[in-house]
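As you go down the protein sequences, you meet chains A and B in turn. All residue numbers for the first sequence refer to the working numbering, where the first residue is 1 and numbers rise by one. All residue numbers for the second sequence refer to the working numbering, where the first residue is 185 and numbers rise by one.
Derived by calculation from the structure, the hints in this document are not laboratory data. None of the values given here were measured: they were computed from a predicted structure. Some hints here could point you the wrong way.
Some, not all, of what chain B presents toward chain A, calculated at C-beta under 8 Å [unchecked claim]:
id, residue
1, ASP237
2, PRO355
3, GLN358
4, PHE363
5, LEU378
6, VAL380
A few chain B residues that face chain A, going by a derived Cβ cut-off under 8 Å, partial list only [to be verified]:
id, residue
7, HIS204
8, SER208
9, VAL368
Using N, Cα and C, we set each Cβ at its ideal position, and we do this for glycine too.
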Amino acid sequence: MPPLTTALGIDSREVVARRADEVTRAIDHIRPTHVLWIPSSTLKSVIDSIEVRAREGTWISMPITREEEGIGIASGLTLGGAKPLLVIQDNGIGNCLTALTTFPQPYHLPIVMLVSQRGGLNEYNSMIHTLGERVEDILDAADIRTFLLDERVPVERWATSIVGAWEHAEMTHRPVAVLLNLLY
Amino acid sequence: MTTLPPTELTRLDALAAIHHAFPSEPVVIALGTMVREMLLVAGRQPNHLHVLDAMGLVPAITLGVAMSPNGAAHARVVGIEGDGGLLMGLSSIATIGATRPENLVLIVLDNGAYAATGGQRTASPHLDLAGMARACGFQTHDIRTAAGLAVAMLDAKVRPGPWLLRVAIGPKNQAAPYFLPDPVELAIDFRRYLQVPVERRANDESAST
C-alpha cells in the first residue's frame, strides 16, 4: 500500500531514490577501504553500488552476520590502519550497543555507521515504529554522537553531512552514527 | 552432565606456550582470566592487545586486524578466546570462514566454563568447536597436551589458515591482580605496534634504492 502522501503529489519512491543516490555519492567521496554491511530495503541501491565498486577494486565489501560483529571487525581494521565504513539498520542498533560501548568508544576508535532509520511519518510497516523511533534517544543515552538526516535536511546537504560525520569521527576519535531516514 | 575429557594443560601453561610461539606477532587477548594470566606469564607486551570487556568480540577484532593494511603485513595475527566468548560471538567464524584470511590464528582455551564469573558451565562440552570451525573453512587442531599445542602452533605458522586451535584446559584459575589501565593507551600502543613491519619495510626499500 503506498503512503497516503502519494495522493498529495509526493512520489515517495522518487524521494527515497534521490536520497539514496546522495548516500552513494557520499560513500564514493569518502572512499573507505572496507564497507561492512547488513542490507536494508531503503538502502538497496546503496548496497548494490557498494558491491559494484568492490568488483571494480575501489574497496573491499563484505556482508556481516550481526551488527556487533561489524563493530569488532571495523575496530580491528581501524587499529590496523584501514578506514572502514559500516552500513546497518536501526533494528540492529540494539545488537551492537554493548560492543560499541565496551570497545571502540572506550578505546577511542573512529567507527562510522550509516544507519537506515525507519518508523515515524510515512512508515508503512507497523512493526518498525517501536525501536526505530527511539534509536536516536538510545544512541544519545549511550553517548554515541549521532547525526540525523531526514526531510528536515535538504537532500542537497545529505552527502556533505555524511562526509562531515566521517570527518567528525576522525577528529573526535569516537564512533559516530548517521541516521538516514529515507522515508520521512 | 557431559564433562570435558582430561587435559594436562592449565590456562597458564597454554598462555605461556602461546607467548613463546608468537612473541612478536600481533595477539588479541580476550577479557578476564585470559588477559590477567597472560600478564602474569608475559607481562605487558607491545604486540598484545588486551580486550578488557567486549565479550565475544575477539574473533571479529582479530579478523579486522588480520585484514587491515598494517595487520596484513604480519605473517600471523593471533586471537585468544575462551569457549564462552567463542560461543557468544559464534557467527564470526562464519564471516572469517567466508573471508579466508590466511594469516589468522584463533586459539580457543576451552575449559567448559565461564571462568571470570565463578566457573558456571558453558555449552562447550556438548559441542565440537573445531568441527564447527572446519565446516566454516578453518584449518583446525584439537589439543590437550603441551606437546600437541607446540606442534599445532608450529603447523599454524607454516601452513596457511584461517586456523582455529581448540585447546582443552583444566578448570584451575591462577590468582592474578586486576588490570585497570586506560584503554586508550592500549589502543594507541597496539596501533603503533602494528605499524612496525610497514615502517621497517619502507626503510628497507629506501635503503636499497
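Structure-based check of each hint:
1. A distance limit of 8 Å between C-beta atoms decides the matter here; for ASP237 (chain B) the minimum to chain A is near 4 Å, and the interface restraint holds.
2. Interface hint status for PRO355 (chain B): violated, as the beta-carbon distance to the closest one in chain A is roughly 26 Å, over 8 Å.
3. Among the interface hints, the one on GLN358 (chain B) is violated; its C-beta lies about 24 Å from the nearest C-beta in chain A, farther than the 8 Å criterion.
4. Interface restraint check: PHE363 (chain B) against chain A, minimum CB-CB distance 14 Å, threshold 8 Å, status violated.
5. Given hint, LEU378 (chain B) at the interface with chain A, holds; its Cβ is 5 Å from that chain's nearest Cβ, closer than 8 Å.
6. Of the supplied interface hints, the one on VAL380 (chain B) is violated, with its beta-carbon coming no nearer than about 12 Å to a beta-carbon of chain A, more than 8 Å.
7. The beta carbon of HIS204 (chain B) is not positioned within 8 Å of any beta carbon in chain A (closest approach about 24 Å), and the interface hint is therefore violated.
8. At a threshold of 8 Å, the smallest CB-CB gap from SER208 (chain B) to chain A is about 16 Å, leaving the interface hint violated.
9. Using the Cβ-Cβ criterion of 8 Å, the hint placing VAL368 (chain B) at the interface with chain A is satisfied: the shortest such distance is roughly 5 Å.
Violation of the numbered hints given earlier is confined to hints 2, 3, 4, 6, 7, 8; the remaining hints are satisfied by the structure.
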